[in-house]
Amino acid sequence: SQQGEEDPQALSIQEGENATMNCSYKTSINNLQWYRQNSGRGLVHLILIRSNEREKHSGRLRVTLDTSKKSSSLLITASRAADTASYFCATRGNNRLAFGKGNQVVVIP
Amino acid sequence: NAGVTQTPKFQVLKTGQSMTLQCAQDMNHEYMSWYRQDPGMGLRLIHYSVGAGITDQGEVPNGYNVSRSTTEDFPLRLLSAAPSQTSVYFCASSLQGAGDSDTQYFGPGTRLTVL
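As given, the protein sequences belong to chains F and C, one line each in that order.
Residue numbers are given in this note's numbering: position 4 of the first sequence equals residue 4, and the series is strictly consecutive.
Residue numbers are given in this note's numbering: position 114 of the second sequence equals residue 114, and the series is strictly consecutive.
If you're looking for bench data, these hints aren't it; they were derived computationally from the structure.
It is possible that part of the hints are untrue.
[Claimed, not checked] Capping the alpha-carbon separation at 30 Å, the derived lysine-lysine pairs in DSS-like fashion look like this:
no., chain 1, residue 1, chain 2, residue 2
1, C, K14, F, K56
2, F, K70, F, K101
3, C, K14, F, K26
4, F, K69, F, K26
5, F, K26, F, K56
6, F, K26, F, K101
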């Protein structure tokens, strides 16, 4: 089975800085998604990128996908304290959506 | 729309007891799934369904059963609870299981403790 794996696991940054997270996977995918989870809550969808896309933007989010390297990155620009959360990548393949272990991001005001 | 709802929010069981975690969605989504989340393990897929009457196993199906008699409901049954099933359980749904319709909507979770 495929599974996304994020890197780094934990990130602490100052408000206003950019935060970058990476995700790698092992098999072919239909799409790759990023989710955010605030402490004690369910996951919230952030952005989806198809396997035939290389880059996608949504507000302060920028996602890239390199299928040759089987990797993706999530960039959050001009971070805010409210961006403090755990971020998960998920890969769709073989009718299943597999999640990575997550990145914990702390934005210091 | 209420979105994805889960009940109960918290549950404590004794080893060997059985129970059903309820999940419902009112968005007419075809695809529904159950995940468990454990510290340091991310989310692991237990079972999923691509439509009413169709279910399949995920990554960690042992000890759990599911059924999908209607589009709206996707209950998860623990037949004989074990301490290893202590976890937070999330139900999710999406319009479809591919393409741009693959956005998952998650419920608030059920925190289960098995003593």
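These are the hints, each one checked on the structure:
no.	hint	result
1	C:K14 with F:K56	violated (47 Å)
2	F:K70 with F:K101	holds (17 Å)
3	C:K14 with F:K26	violated (39 Å)
4	F:K69 with F:K26	holds (9 Å)
5	F:K26 with F:K56	holds (21 Å)
6	F:K26 with F:K101	holds (15 Å)
Of the numbered hints given earlier, the model fails hints 1 and 3; all others are met.
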